[in-house]
Each structure stands twice: as structure tokens, then as C-alpha cells.
Amino acid sequence: MAGIDHAPPPFFKRGPAPLALLTFYILVSLAIFVVDLRMHSLDLLRQTVALFVDPVQRVAQTPGSLVDYARNYLEGMALLQRENDQLRHAKLNTAPNLLRLEQLEAENERLRKLLDVKEREQANGQVAQILYTARDPFSRKVIVDKGQQAGITAGQPAIDEAGVVGQVTRVFPFSAEITLITDKDQAVPVQIVRTGQRSVVFGLGNGQMELRYLPANADVQVGDVLVTSGLDSVYLQGFPVAKVVNIERDSAYSFARIFGAPVAGVENFGEVMILNPREPLPPAPPAAKGRGDTSDKPGVRQKKKRAAKEN
Amino acid sequence: MQPTFSSSRILLPVSPWFIFLTLTVALLLNFLPTAHWPGVPDWIALVLCFWSVRESRRVGMGWAFILGLLMDVADGAVLGQHCFAYVLLAYGASSLSRRLLWFPIAQQALHVLPLLLLTQAIQAGMRMVVGGDFPGWGYFVGPFVASVLWIPATYLLLLPQFRPVEQNPDRPI
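Those protein sequence lines, which keep their order, are chains A and B. If you're matching positions, the first sequence starts at 1 in this note's numbering and goes up one per residue. If you're matching positions, the second sequence starts at 1001 in this note's numbering and goes up one per residue.
Keep in mind that a hint or two might mislead.
Claimed, not checked - From chain A, some residues computed to sit far from chain B (all C-beta separations above 10 Å):
(1) A31
(2) Q57
(3) N72
(4) E83
(5) L101
(6) E105
(7) T133
(8) D160
(9) R170
(10) Q237
(11) N246
(12) D250
As the list claims (entries may be wrong) - Stretch by stretch, here's where chain B covers chain A in the computed footprint (C-beta under 8 Å, at least three residues):
(13) 16-30
(14) 38-50
(15) 59-70
(16) 136-145
As the list claims (entries may be wrong) - Examples of chain A residues toward chain B, derived with CB under 7 Å:
(17) F33
(18) V53
(19) R110
(20) Y132
(21) P173
(22) E177
FYI, nobody ran anything at the bench for these hints, they're computed from the structure. Using N, Cα and C, we set each Cβ at its ideal position, and we do this for glycine too.
Chain A on its own, in the form it takes in the complex (with noise of 0.2 Å):
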């Protein structure tokens, strides 16, 4: 008799009505969405959710990890020479740039003093494996294994070995959410090589990005490479970012729509490097009055700010 029920069914006691139930749900998901999404100050519920939520998902995540160690296992020998041989040749091709990189940053640091400049920061950081993607099919993020217990903080940049691949948006215990500088409207200031012409590089969502804001009759060409400008104090300057794959002159339209690709295996597992928090700038001078050309440059810094701060 172990299943049955000897309680009377409880015809009178049942709680709320289902539509009051339903309307109170309803609103605390929708006051949530909005405070989350227009406040960020849910932080501390988000972080006490993901300590429970994270060693289930980790235990997910073990068989397919699993299953890759299991092909890499197998593949073996002949694909470990194959890319050892190709890294020695890799070396031996950077080989006399690194060589003389040591002595090349000693010198630029002792110009740099000469001259007065501010030196160069060093870029140092930790290595994070990537865990997952978030399964947001509306964003581009993922779950990288460190957290605040390895002293992350939100706001990072991440990189692979050929570039810029994200930023960290959201710190948990142990690991930490990265947005891919391929999410929409995720903004990276920056600089093309070529002609050292500054702007902003926005991903679009859909694994390309786009720089905006350029005039029609901009000096851009297919194939020029984006590297981070380092004007925000987020991204170390000198970074690829992407390589302008496609340019579409309208004179329609003021601007040029200008489309580029990463450079970085932006949607490629594998490892990243979380780089250290840079130290802040210096403060902006005071902005002159009176004259039309330098009013500008705070405006452009104030529209930047405001793009890294949607995201």
C-alpha cells in the first residue's frame, strides 16, 4: 500500500488561484528582466545561482570534453609531429623579430623616456581554457574556467594567439563570461595599420563585424588590418582585431559600410589569454573652450564610452 495517498484530497486548501499565481510570477519575471537588463543589480542573485548552476554544468560538459580528449588520444602521433614540425618552423620564421623584440622594447622604452612619452605598458595576463558557449542563441559569449578566485574582473580583454577575442562581462565564483568582440554591438576602439586612421569596430552578431562612422570617401581598403587604438583604457594598443573583408560605397548614405572578420578564433574553442586590467589614463585635460576642432574629440570619447557601456 506504499504509494497510496491516506491524506483526504485537499478540495479546499489550494492555495492561491492560479490566475493570481500567475499574474504574481508573471510580473516578478518581468521586473527581474528589466532590472537585469537596465540596472545590471542583479549580480549577487545571478552569482548565488551560478554556484549551484555551475557543477551541473560542468558535469555536463564532460562527456563531449570527454569525447575530445578520446580523438585527440587517437589521432596521435602523426598529427603531434605534423604540428610539431609546423611550430619549429613557425619559430624559426618569427625567430628574428622575437629575437630582437627583448632588445627592440628595451630601446623603445629608452626613447620613450628620452621623449618624455608615457611607457608602454607590458601586457601580462593568465591562461583560461574555455569551458562552453552560453547557450544564449542571441549572444555571442563563453564560459571561460577562472573566476574571482583567480582575481578576474569584469571588464578584461581576452586574446588567442592570432588576436583580440573578447571581453569579461560577468565574473562567477569560478569562471567567467566572456562577450565575443563578434556579439551585437560590442564595441573594440580602433586603428588601421595602414594609415593609422582611428575608430570603432562593432560586431554585428552574426560572426562579422562592422566599422561604423567612417565618411564614404574614407581611406579603407580590402584586406587592411584593425588593431586595437588602446584609446579606451581596456584593450592594450597594437592588438589585430579583424581585416576588412568587404566595403560598400553608397553615396546614398554619409558613412561607407565597412565589414570586416576577426582575426582571432573568436568562435573556435580552445584557450584564451584573460590579460590584466590596464592602469587607468590619465585624467581627459579640460575641454578647451571656443574652438570648434578640439570640442570634438571629447564628443567621440563620450559616444565610445557610451557604446562599451550598452554592452
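Assemble chain B onto chain A, guided by the hints.
Same frame as chain A, now just chain B:
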């Protein structure tokens, strides 16, 4: 239990632990790295819908809300997106439950399809209202797969409740 096509078979009462277990397994299935495969159903929506239909007094909007919150955090989505959709799904399923169980199982699956589609559409709608991109029609394949899976899911989830066919005359129930 009402006299439906198969309810001639009297079921044993469900164990709350089994409900909990199935929901946890659904959570695990949702966390599997299958996000980029087309047509992977939302397992939680399916299982939640099933229990809301079968046991609407045990599994209701409260569970839906909590599961939604877990999914939001796991997905990295905006908090409240899954909560809203799942709560509506649980409400719809439990208010349909009286009617749904009269139908043969294939027609039940057809009844569930709009509910699951609505769940998905609500999520897409909420994100697009606040500036998200349309995720593509592949996003809506999942509910169709899920409603086909309703048939095996019914058998699987009712399995512990089926009584042995050969009955002990000393224990009539």
C-alpha cells in the same frame, strides 16, 4: 484519473522524488553542449509541460519559475526570460490538462506543440523587444522535435507508475 484512451490502465501515484529526478535530468540534458546543433529541444520545457499536465498540483508555476531562473543563469541570458516563458507554459499546460488527457497520445503531442512554440516565441520576442537579433528559424525547430518526443516521453515518464499486468489477488490495487 479520467477514462481516457489508455487510462483504462489505472496508474500508481507518482513519487515526488521521481519528478525531481526527471527535472534534474532535463536540466542536465539542457546543459549538454548541444546549443549549436539545429533542432535540439528544450528538455526542461518538455518535462515541465508533461508534469504540469499530469500533476498540475505538484508541479506548477513555482517550479517553472525556479527552473527558469536556473536556465537564465546557465544560458547567460537576461534574468527573467526563461522564467516568464516557463511560468506561462506551466499555466497553459495545467489549464489544458483536463482536456488534453482525453485525447490519444498523438493528438496530445499536437496540443502541446503550440504551447512549446509559444514558449520559444515569447523568449525570442522578449529579446527582440530589447534589441536582440532574430535568432533564425532554426530556433523554432526545437519545439517541433519536442512535441514529437512527447510520445516517448509519456511512456518513459509514466514508467514507474504503471502497475504490473499480472496482479496479486491479495492486493487488488
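We went through each hint and held it up to the structure:
{"no.": "1", "hint": "A31", "in the structure": "7 Å, violated"}
{"no.": "2", "hint": "Q57", "in the structure": "5 Å, violated"}
{"no.": "3", "hint": "N72", "in the structure": "16 Å, holds"}
{"no.": "4", "hint": "E83", "in the structure": "24 Å, holds"}
{"no.": "5", "hint": "L101", "in the structure": "37 Å, holds"}
{"no.": "6", "hint": "E105", "in the structure": "38 Å, holds"}
{"no.": "7", "hint": "T133", "in the structure": "6 Å, violated"}
{"no.": "8", "hint": "D160", "in the structure": "19 Å, holds"}
{"no.": "9", "hint": "R170", "in the structure": "7 Å, violated"}
{"no.": "10", "hint": "Q237", "in the structure": "30 Å, holds"}
{"no.": "11", "hint": "N246", "in the structure": "19 Å, holds"}
{"no.": "12", "hint": "D250", "in the structure": "23 Å, holds"}
{"no.": "13", "hint": "16-30", "in the structure": "holds (count 8)"}
{"no.": "14", "hint": "38-50", "in the structure": "holds (count 5)"}
{"no.": "15", "hint": "59-70", "in the structure": "holds (count 5)"}
{"no.": "16", "hint": "136-145", "in the structure": "holds (count 6)"}
{"no.": "17", "hint": "F33", "in the structure": "3 Å, holds"}
{"no.": "18", "hint": "V53", "in the structure": "5 Å, holds"}
{"no.": "19", "hint": "R110", "in the structure": "46 Å, violated"}
{"no.": "20", "hint": "Y132", "in the structure": "5 Å, holds"}
{"no.": "21", "hint": "P173", "in the structure": "13 Å, violated"}
{"no.": "22", "hint": "E177", "in the structure": "6 Å, holds"}
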